[in-house]
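Peer 1: Heads up: the sequence lines are chains P and R, in that order.
Take the first sequence: its letter number 43 is residue 43 in the working numbering, and every next letter is one higher.
Take the second sequence: its letter number 136 is residue 395 in the working numbering, and every next letter is one higher.
These are calculated hints, taken from the structure and not from any lab test.
To give an idea of the chain R side of the interface with chain P (calculated C-beta under 8 Å), a few residues:
| no. | residue |
| --- | --- |
| 1 | Pro-331 |
| 2 | Glu-332 |
| 3 | Gly-337 |
| 4 | Ser-342 |
| 5 | Ala-344 |
In this text, all values refer to a predicted model and were calculated from it rather than measured experimentally.
Every residue, glycine too, gets a C-beta built ideally from N, C-alpha and C.
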Amino acid sequence: MRIATPLLALFRTLVYVFLLAPIVVVVLASLNAGNFLTFPPQGLSLRWFWTFLNNDIFLNAIAYSATLAACATAVSLVLGTMASLYFTRHAGKHAEAVRIAVLLPLILPEILTAIALLFFFYEIGVGTEHKIALFTGHVLMTLPFIFLNVNTSLQGRDDSIELAARTLGASRYTAFRRVTLPLIAPGLSTGAVFAFIISFDTFGISFILKGTGSAPLPIQLFDYLRFNFTPEAAAVSTVSILMTLVLVVAADLLFGRRD
Amino acid sequence: MTEVSLRSLQKFYGKTAALKAISLDVNHGEFVSLLGPSGCGKSTTLKCIAGFEDITDGRICFDNKDISRKLPEDRDIGMVFQSYALFPHMTVTQNLAFGLEMRHVPKAEIAQRVARAMEMVQLTPYADRYPKKLSGGQQQRVALARALVIEPAILLLDEPLANLDAKLRDEMRGFIRDLQKRVGITTIYVTHDQNEAMTMSDRVVVMFDGEIAQAATPEDVYNRPASERVARFVGNANILDLPIARTDAQGTTVTLPGGATLQITRPAPSGQSRLRVMARPEQITLTSADLGQLPGRIEKRYFSGGHVEYSVATDCGPLFVTGPTTQHFAEGDSVGLCFDPARLWPLPDAESAQ
Ligand SMILES: Nc1ncnc2c1ncn2[C@@H]1O[C@H](COP(=O)(O)OP(=O)(O)OP(=O)(O)O)[C@@H](O)[C@H]1O
Ligand SMILES: [Mg+2]
Chain P
1 MRIATPLLAL
11 FRTLVYVFLL
21 APIVVVVLAS
31 LNAGNFLTFP
41 PQGLSLRWFW
51 TFLNNDIFLN
61 AIAYSATLAA
71 CATAVSLVLG
81 TMASLYFTRH
91 AGKHAEAVRI
101 AVLLPLILPE
111 ILTAIALLFF
121 FYEIGVGTEH
131 KIALFTGHVL
141 MTLPFIFLNV
151 NTSLQGRDDS
161 IELAARTLGA
171 SRYTAFRRVT
181 LPLIAPGLST
191 GAVFAFIISF
201 DTFGISFILK
211 GTGSAPLPIQ
221 LFDYLRFNFT
231 PEAAAVSTVS
241 ILMTLVLVVA
251 ADLLFGRRD
Chain R
260 MTEVSLRSLQ
270 KFYGKTAALK
280 AISLDVNHGE
290 FVSLLGPSGC
300 GKSTTLKCIA
310 GFEDITDGRI
320 CFDNKDISRK
330 LPEDRDIGMV
340 FQSYALFPHM
350 TVTQNLAFGL
360 EMRHVPKAEI
370 AQRVARAMEM
380 VQLTPYADRY
390 PKKLSGGQQQ
400 RVALARALVI
410 EPAILLLDEP
420 LANLDAKLRD
430 EMRGFIRDLQ
440 KRVGITTIYV
450 THDQNEAMTM
460 SDRVVVMFDG
470 EIAQAATPED
480 VYNRPASERV
490 ARFVGNANIL
500 DLPIARTDAQ
510 GTTVTLPGGA
520 TLQITRPAPS
530 GQSRLRVMAR
540 PEQITLTSAD
550 LGQLPGRIEK
560 RYFSGGHVEY
570 SVATDCGPLF
580 VTGPTTQHFA
590 EGDSVGLCFD
600 PARLWPLPDA
610 ESAQ
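Assemble the whole structure, with the sequences as input and the hints as a guide.
Peer 2: See the structure below:
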């Protein structure tokens, strides 16, 4: 069955509109000159960006979220790569179980993962102290993205490449560093970008596990919007959209299209 | 001098035996092929020698030293994989230099040795290319050069030609053989292609089901197979099951259907009334119907360039015969088959045909 080309084009356009409209709305709303978060904006200005840049609460929240995302991504990179190597090479008949276990945080509703972790950390007497629960939650949430991307890099790769390195005199570790690591680098970088964005953006996990003290950006925004309804929130969102965009483009320029 | 020695080498994967206590000695500079059907344990043998698999029992000795517990990187081997296993993120030069870097060879010497290896496999113009930009045959030569540039004591090859087209395969066959002779390196070559094994090797090791069925020169494996299964696996074999007329000092006399007798100059396995003998297709000649030792009728005729192949129906079952193109028999012709008793090979104990 063939679908008429104009119909297909229309459908494609609708999908894009559906996906991009919220972003456009937020960006436009952030340029609002008025005092309330409205759409369409009442006049254009950058005053809310200025307000935001002078608001320590949001700046701190962004810094905090970025640090959290960076640390979670770093730990996920190590754990995810190890999980992926085990999954593709050694898991044998347990492969499917391993895959599901690692992907579970992605499959389950985020709130379930969050509540499970909350119970667990209270049970072992840690609670939400020292951001241990929060950090664990973020690692769990980001792990699947590293795992999936490294899997893609490893699958279809010839296992004998590493063996060849061994016969040429490389130790297990050297063979990994000189041969396997460069080959999975694209997967690692794509995975890292995803992981960072997911961690930066995630709400449920952070909301339930954050504990006292400073909070990640999404929580801070949520708190703010409960009592204020100014375009400053849109300005914050626009800035984080821009940051994400820069990250994705930079990663693509650095690591994309190498293969 | 024995370079590689496998002593009762055993390998189990879980409960399944991939290798059932095989023993094999490979001499210095020898080219030995492991030949056998899929799943017979050829690759497993090679992996054990390379150190990729822990062996279950037995020993592997290089130069009479037990290396069974050594890591692959400490075994002084060069290996060529069926998939070539070139490092895709390195140029040809970098691929060749890798092994030398691992051995901490000085930079200047690396450059020199890589250049020499590249010349040896005629790849100098491709020095800076990435493997993906090379043809299958060229990748194959890079893999070979990479394994040889470190000057290992032993070269292992696992079906290195399986991914090449027929013409290139023939070319590479000669190339590898020449190179091996020139370098004089002890070589173990895995293949399931009997032609490859025959033409390249000093010795062919035929394996079935994790066991060595025969280890002998290509001529012996072909003309004097140790079993019917070897006979059938290596080339075409006509097996005739004939009654024994008598056994004496001259050998064994068997009777063909129709009454003609053949005296085989080798004693038959004792205590049997029948003998199974093998005749290769080119060891049977076709003549006119009234002259042969066994009458037959041409069922099928295939012209194959250098010679003609016939399938001939006889009272011993269908026999496969090759003849010169100067001789012409048509399908349906009645013919006589002649055997050269000196070239008939009595098979040991009758076993069921596989
Ligand atoms: N990693 C493994 N785990 C379990 N069984 C294995 C493993 N590797 C090989 N085997 C089994 O061991 C036997 C020998 O395998 P091997 O790879 O040595 O065969 P081969 O002779 O090289 O065959 P091919 O010509 O198909 O490459 C086979 O029955 C195979 O199923
Ligand atoms: Mg194999």
